[in-house]
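Asks: Now for the letters of each chain:
There are 2 protein chains.
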Amino acid sequence: MTHNPKAAMPAWLETEPEQNSFRSIFKWGAKNSFKHPSPGFYAVIKQALDLSDTQVPPLVNIGEKRVEDTQKTRIASEDIHLFEEIVGLDNLSFDTYSRLKYSTGRSMEDILNLRQQKIDNICDLVLHPRSKADIRKIVSLCHIKKIPLHVYGGGSSVTLGLACPKGGVTLVMGTHMNRLLHFNEINQTITVEAGMMGPVYEELLNHAPEKLNAEKRYTGGHFPQSFEYSSVGGWVVTLGSGQASSYFGDACDLVISQEYITPTGEFKTHAFPATATGPKLNDIMKGSEGCFGVLIAVTMKIFQYHPETSREFTFMFHDFETAITAARRISQAEFGMPSILRLSDPEETDIAMKMYGLEDSFLDRFMKFKGLKPGSRCLLMGQTDGKKSFSTHLFNQIKKLGKKSQGLYLTGYPMKKWRKGRFSDPYMRDALNDAGILIDTLEAAVTWDHLKELYTAVRGYIKQHPNTICMTHASHFYAQGTNLYFIFITKLCDVDEFRSFQRGIIEKIQENFGSLSHHHGVGKMMAPFMENHLGKTQMAVLRAIKNHFDPHHIMNPGGLGI
Amino acid sequence: MTHNPKAAMPAWLETEPEQNSFRSIFKWGAKNSFKHPSPGFYAVIKQALDLSDTQVPPLVNIGEKRVEDTQKTRIASEDIHLFEEIVGLDNLSFDTYSRLKYSTGRSMEDILNLRQQKIDNICDLVLHPRSKADIRKIVSLCHIKKIPLHVYGGGSSVTLGLACPKGGVTLVMGTHMNRLLHFNEINQTITVEAGMMGPVYEELLNHAPEKLNAEKRYTGGHFPQSFEYSSVGGWVVTLGSGQASSYFGDACDLVISQEYITPTGEFKTHAFPATATGPKLNDIMKGSEGCFGVLIAVTMKIFQYHPETSREFTFMFHDFETAITAARRISQAEFGMPSILRLSDPEETDIAMKMYGLEDSFLDRFMKFKGLKPGSRCLLMGQTDGKKSFSTHLFNQIKKLGKKSQGLYLTGYPMKKWRKGRFSDPYMRDALNDAGILIDTLEAAVTWDHLKELYTAVRGYIKQHPNTICMTHASHFYAQGTNLYFIFITKLCDVDEFRSFQRGIIEKIQENFGSLSHHHGVGKMMAPFMENHLGKTQMAVLRAIKNHFDPHHIMNPGGLGI
Numbered sequence: 039m040t041h042n043p044k045a046a047m048p049a050w051l052e053t054e055p056e057q058n059s060f061r062s063i064f065k066w067g068a069k070n071s072f073k074h075p076s077p078g079f080y081a082v083i084k085q086a087l088d089l090s091d092t093q094v095p096p097l098v099n100i101g102e103k104r105v106e107d108t109q110k111t112r113i114a115s116e117d118i119h120l121f122e123e124i125v126g127l128d129n130l131s132f133d134t135y136s137r138l139k140y141s142t143g144r145s146m147e148d149i150l151n152l153r154q155q156k157i158d159n160i161c162d163l164v165l166h167p168r169s170k171a172d173i174r175k176i177v178s179l180c181h182i183k184k185i186p187l188h189v190y191g192g193g194s195s196v197t198l199g200l201a202c203p204k205g206g207v208t209l210v211m212g213t214h215m216n217r218l219l220h221f222n223e224i225n226q227t228i229t230v231e232a233g234m235m236g237p238v239y240e241e242l243l244n245h246a247p248e249k250l251n252a253e254k255r256y257t258g259g260h261f262p263q264s265f266e267y268s269s270v271g272g273w274v275v276t277l278g279s280g281q282a283s284s285y286f287g288d289a290c291d292l293v294i295s296q297e298y299i300t301p302t303g304e305f306k307t308h309a310f311p312a313t314a315t316g317p318k319l320n321d322i323m324k325g326s327e328g329c330f331g332v333l334i335a336v337t338m339k340i341f342q343y344h345p346e347t348s349r350e351f352t353f354m355f356h357d358f359e360t361a362i363t364a365a366r367r368i369s370q371a372e373f374g375m376p377s378i379l380r381l382s383d384p385e386e387t388d389i390a391m392k393m394y395g396l397e398d399s400f401l402d403r404f405m406k407f408k409g410l411k412p413g414s415r416c417l418l419m420g421q422t423d424g425k426k427s428f429s430t431h432l433f434n435q436i437k438k439l440g441k442k443s444q445g446l447y448l449t450g451y452p453m454k455k456w457r458k459g460r461f462s463d464p465y466m467r468d469a470l471n472d473a474g475i476l477i478d479t480l481e482a483a484v485t486w487d488h489l490k491e492l493y494t495a496v497r498g499y500i501k502q503h504p505n506t507i508c509m510t511h512a513s514h515f516y517a518q519g520t521n522l523y524f525i526f527i528t529k530l531c532d533v534d535e536f537r538s539f540q541r542g543i544i545e546k547i548q549e550n551f552g553s554l555s556h557h558h559g560v561g562k563m564m565a566p567f568m569e570n571h572l573g574k575t576q577m578a579v580l581r582a583i584k585n586h587f588d589p590h591h592i593m594n595p596g597g598l599g600i
Numbered sequence: 039m040t041h042n043p044k045a046a047m048p049a050w051l052e053t054e055p056e057q058n059s060f061r062s063i064f065k066w067g068a069k070n071s072f073k074h075p076s077p078g079f080y081a082v083i084k085q086a087l088d089l090s091d092t093q094v095p096p097l098v099n100i101g102e103k104r105v106e107d108t109q110k111t112r113i114a115s116e117d118i119h120l121f122e123e124i125v126g127l128d129n130l131s132f133d134t135y136s137r138l139k140y141s142t143g144r145s146m147e148d149i150l151n152l153r154q155q156k157i158d159n160i161c162d163l164v165l166h167p168r169s170k171a172d173i174r175k176i177v178s179l180c181h182i183k184k185i186p187l188h189v190y191g192g193g194s195s196v197t198l199g200l201a202c203p204k205g206g207v208t209l210v211m212g213t214h215m216n217r218l219l220h221f222n223e224i225n226q227t228i229t230v231e232a233g234m235m236g237p238v239y240e241e242l243l244n245h246a247p248e249k250l251n252a253e254k255r256y257t258g259g260h261f262p263q264s265f266e267y268s269s270v271g272g273w274v275v276t277l278g279s280g281q282a283s284s285y286f287g288d289a290c291d292l293v294i295s296q297e298y299i300t301p302t303g304e305f306k307t308h309a310f311p312a313t314a315t316g317p318k319l320n321d322i323m324k325g326s327e328g329c330f331g332v333l334i335a336v337t338m339k340i341f342q343y344h345p346e347t348s349r350e351f352t353f354m355f356h357d358f359e360t361a362i363t364a365a366r367r368i369s370q371a372e373f374g375m376p377s378i379l380r381l382s383d384p385e386e387t388d389i390a391m392k393m394y395g396l397e398d399s400f401l402d403r404f405m406k407f408k409g410l411k412p413g414s415r416c417l418l419m420g421q422t423d424g425k426k427s428f429s430t431h432l433f434n435q436i437k438k439l440g441k442k443s444q445g446l447y448l449t450g451y452p453m454k455k456w457r458k459g460r461f462s463d464p465y466m467r468d469a470l471n472d473a474g475i476l477i478d479t480l481e482a483a484v485t486w487d488h489l490k491e492l493y494t495a496v497r498g499y500i501k502q503h504p505n506t507i508c509m510t511h512a513s514h515f516y517a518q519g520t521n522l523y524f525i526f527i528t529k530l531c532d533v534d535e536f537r538s539f540q541r542g543i544i545e546k547i548q549e550n551f552g553s554l555s556h557h558h559g560v561g562k563m564m565a566p567f568m569e570n571h572l573g574k575t576q577m578a579v580l581r582a583i584k585n586h587f588d589p590h591h592i593m594n595p596g597g598l599g600i
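Sequence lines, in order, name chains A and B. For the first sequence, this note's numbering begins at 39 and goes up steadily by one. For the second sequence, this note's numbering begins at 39 and goes up steadily by one.
Just so you know, not all the hints are guaranteed correct.
Only pairs whose alpha carbons sit at most 25 Å apart, straight line, appear in this in silico PhoX-like list of lysine-lysine [what the hints assert, rightly or not]: (1) LYS438/A x LYS254/B; (2) LYS406/B x LYS441/B; (3) LYS442/B x LYS254/A; (4) LYS442/A x LYS406/B; (5) LYS392/A x LYS306/A.
Note that these hints are calculated values from the structure, not bench results. As the structure is a computational prediction, the values presented were derived from the model and not from experiment.
Next up, chain A with everything else stripped away, as it sits in the complex (with noise of 0.2 Å):
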């Protein structure tokens, strides 16, 4: 089969979305930033989905439209003048526009909403807290008169993490609850509101020197994908994992005291660095998503910044499990974690070859001549950090592993290219969707003896929608094991149909030892899972700790499925 992928490319569109349109509530990022598929990887998604060779795809449910302001705030107006003394008529709005906008995340199932112009489960009121003593009025109000509310963070959910099933408030809290409170250079911590945004916490951090006084400069360590459009807090009640996670940590390892309102009292753990006093209220929060209370301020570890340190690898190894192998020696193996390690599947790494302009290269032809084979073979590739001695001894045993576990060492400019585009990737899934080619992920963690099955179960249940792209790798290393992470891609844009396809396939994760979520989240997706992953006892003590702090379930109602 030839391609003429040129020929055939969709007409992208880029062009910012209209104000107050659908589009510009879904469109990832930036306004004026776009991504759309390199020919050579729209050549592939066209073949693996069958498209047409020659008609190019027409855009479809763009989201055009002007959000009209339909909906009536189901608030009574005496309560909404009671919300205004709290903030000002400055941080409050209830047309359906700003409603919606606060009340979608990243989910697909959320994408695929408003590209149909529907508008569902959205609050009736939007607020912008100003300050601590605003949140614990907007609590206490919410609590004595029993409204739903809900904080919007970065705005990044891909799990419905958003959605006011029952209507009420939404507290936006990038808007003035983003500021720093306290740095404290001899502890390598950093005291922020839970608003700020990744970009400005890591740029303060970056340029502490200048912008804190400080000696050194630092870094948070934390860069999910999504890095561009979360905020600290969000990190935190999410439980999310940066891409670096498996030296830096994930969130739940790097926050170690947390401030909250919530509507039976407030609260601030200790910062202590360990403590034997009791469970942890500092633990006991983690993940919270919402449903105890508003997190208000976090105090997070930081570490000295020094990037010019850092070492990029990669391997091309036979198959999947020979490279599997390799990835669990390497995280056992007690010489310390590379910062960034990730592990393709045959099919993402056949694609990966394709997107890396790879494909067909001497390199290309080298590795085939070593039988390392299109349709078996598999990427490795990470990078090392810290101090430059110990990211160098790193860099260099996991070199000597890599290649006694039978890796084709490939130098590290794979890494680099994929570390090149790896916040713009999600701009690259408007572009799709405008295309009505579905582009989403699943992600569950799994300890090492059951990662083949998890793999082969999910990846087998995904592969038998037709036409279909399943990209898998891990990118998240423990000793005791990993995450999987499915990128799946094709042909659809009805959203009962993606529903039940995905509904799909978080049955196949849970039936095959995987977790619901190692870093997305619960969310309102997860949450009717969320009973059977964790058994009823397990689920009646979240709704115990719920109950306590929360007795009117007040506090994003149907999160964490409690």
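Got chain A; can you put chain B on it based on the hints?
Replies: Below, chain B alone, put in the same frame as chain A:
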């Protein structure tokens, strides 16, 4: 002042305690193992405590008396019969000796009481459950009958963790609930019943090829000073830390799954290496000290065992401040963490120099020549572990950084000396107590920025007590801070006088930004301080969880202060 230490040494009691005597309960460790202060160390004590240089201190309250069966059980005989039906006659006792034995740990208050033949806060019935099924029935029966229920692991609590202020039942886990359940080499995890003792656990892992049919040897990486008489379950429910925690992690980092039977339900948490499905039950249960339910089994992370890679190092610094700065730099350097790191204050350093036989040695004279003077100089020692090249690299980095931070490198000799005695020091406590000399410890976690304040205030308080030695060290290190461990030695044997002195120290810890405990746990000793330490709102959360699991408040009443 000259000393003639040998002449005035007490006649150390080194005979096995009489069977069923008070002494047989409180004596540390193996019946026929003893340790008394070296002449050098005793000379230090004698001088500091202003003991007579000629008169041998008489032995006092050695607890040689038999525990008579004077305490009638308060559990009705028909109920005892029900318990007998569960565990069988062989696994049940209610004589005073057994009840006293399993209701006392190794807190100084426990010991002083036993030495004075005080019997207080003991349980009414001792059970040795044989299985999970036994425990299920016992918990259910206690719940229905509202009989208090306690769990005895290794018996090494130093916080009155085993006291039964309301009587009731004590479960001894070490007798039968000590089995290996599952060894998973690919995941590097092991699942054992909660009552398995530390040495059995470590032995099993070290000999994994022979005993578990494994490919490699492993270590649990957890070595508290109480190692010999601690249980794996105890590590988890009291949030213990081993001496090598700076590399391997604290108990809370090592446990990835727990199985509990509580009055209102039983469950086993998932053993995923990470997961983002809301607040984690595994976290909520850590440190619950038997107040929520009975820990049946735990799944722990294990590590590859290569003791041959350990590298020891020691430095001497001019003063405490300089030494702290060096230790902080090491902890924040991002070249990996040493497993052991141990910083002694000037008083501990001076005593260590004597104990290690270094005083007046050539090395000592060299140090003095270099300006490193007794009364000011501070010892920082440690050990690196992990894969060989990692350990060597880290060792070299630490050596470099230590020197750069003005430390004088003293080889690994003092570290090796310390390591030799590290599990036997508790034996010395009994010998000193026999001579009417109190030796006890309190410890706290603290962030770097408050370390000096905490040290000064607590040490100041202890030293106000006339003729008192106060040795302080930090021994568990994190990028954000460390712990302070205060050892005090004074002439004291009255329990009330001791309590009032000790309570004063705890208050000083609290007032000066220390946590109530870094790794000793809460027990009934810290319980009264918990509400003030955590605040009412946070305590209310722990109480809500308690109420959920244990509505009749039968589980370890008085524990955690909830």
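Asks: Would you mind marking each hint as holding or not holding in the structure?
Replies: Do the hints match the structure? See the list:
1. LYS438/A x LYS254/B: OK: LYS438/A and LYS254/B at ~20 Å, within 25 Å.
2. LYS406/B x LYS441/B: 17 Å, holds
3. LYS442/B x LYS254/A: 18 Å, holds
4. LYS442/A x LYS406/B: Cα-Cα ~51 Å, so violated.
5. LYS392/A x LYS306/A: 50 Å, violated
The structure fails hints 4 and 5 (numbered hints given earlier, in ascending order).
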